[in-house]
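Undergrad: Please model the complete structure; the sequences and the hints are all you need to start from.
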Amino acid sequence: MPKSKGIFSSRNEIEEIAGILKNYVRLPFTSINIPGAVMEGILGHVRGATVLRTYDFIDVVDRENKMGWQIKSTLAGTPVTWKRAKIPNSPALIDASEEGRSGRQALGDAIIQFCNEHTRKSMAKYGLSQIGHARLILRGNGDATYFERLLCSEESPNLFNSEDFTWKWSHAKKTKKKEQLERIAGSCTATLPLCLSSRRDLLLSFAVHLQENRSNHNRVPHARPKRSEGAIMGLLPAKSPTPPHSSRISKKSTAPS
148 MPKSKGIFSS RNEIEEIAGI LKNYVRLPFT SINIPGAVME GILGHVRGAT VLRTYDFIDV
208 VDRENKMGWQ IKSTLAGTPV TWKRAKIPNS PALIDASEEG RSGRQALGDA IIQFCNEHTR
268 KSMAKYGLSQ IGHARLILRG NGDATYFERL LCSEESPNLF NSEDFTWKWS HAKKTKKKEQ
328 LERIAGSCTA TLPLCLSSRR DLLLSFAVHL QENRSNHNRV PHARPKRSEG AIMGLLPAKS
388 PTPPHSSRIS KKSTAPS
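Numbering (the numbering used here), first residue to last: 148 to 404.
Heads up, a few of these hints could be off.
To be verified - Capping the alpha-carbon separation at 27 Å, the derived lysine-lysine pairs in BS3-like fashion look like this: (1) Lys152 x Lys169; (2) Lys219 x Lys152; (3) Lys213 x Lys152.
Unchecked claim - Cβ-Cβ distance ranges computed for the label pairs, FRET-style: (4) Lys321 x Asp256: 36 to 46 Å; (5) Pro235 x Asn288: 27 to 37 Å; (6) Thr197 x Pro238: 33 to 43 Å; (7) Gly224 x Ala184: 19 to 29 Å; (8) Asn288 x Ser249: 37 to 47 Å; (9) Pro235 x Glu301: 21 to 31 Å.
In case anyone wonders, no lab produced these hints; they're calculated from the structure. In this text, a Cβ means the ideal position worked out from N, Cα and C, and glycines have one as well.
TA: Written as structure tokens, this is what we have:
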């Protein structure tokens, strides 16, 4: 079967991804989590691409077709997090951010600039024309969602637009388990998720519905491309999800992680 030459997987490739996931979760040692490394290996295998073991923005690369993907696998409610960033002149930016809105915006702009530079470095390093995002979201009740989208391209290399964000500091607070430091949070004023683009033609999802029935493992209906988020249903046994955890930009760390 010929491989898709675009960022988005074909219907057959989506069905193959779903089939591998179904087989994986039947293994006796698997749990509610499907590690990101597993998803990287699955997409790399299905798309005939190379899995990278680096700290670059992309996790899988198809050098022949000049494409790369960032891949995430998380529980529902767990935010997608970035690697720890070293923002130049961060102490001065943080001090200025406490003086007013313009200072907070300057700190936020520096964070956005870091993110955009990180994606452009991967595009240049691997000679890419497009970067996509593939994400598996585990619902904890046996359902999962998988979707793909275009993040950036040669024509539009920036991941985020700083003008789409406003910024404010949260208050420090203590919980029973840990102390949450003050952190700066960016609120997206754009309409599309992740503030990636206002062009709806950059978003395309694929859906396939799988009934998890251990007496009928081979029942896999056809997938049909949709413009709404796609769902891969019934992949996992019903279990209670573990509490989500994330670390964000704080005055102590001065960077997202």
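Undergrad: Would you pick out the hints that fail for this structure and give their numbers low to high?
TA: 4 and 5
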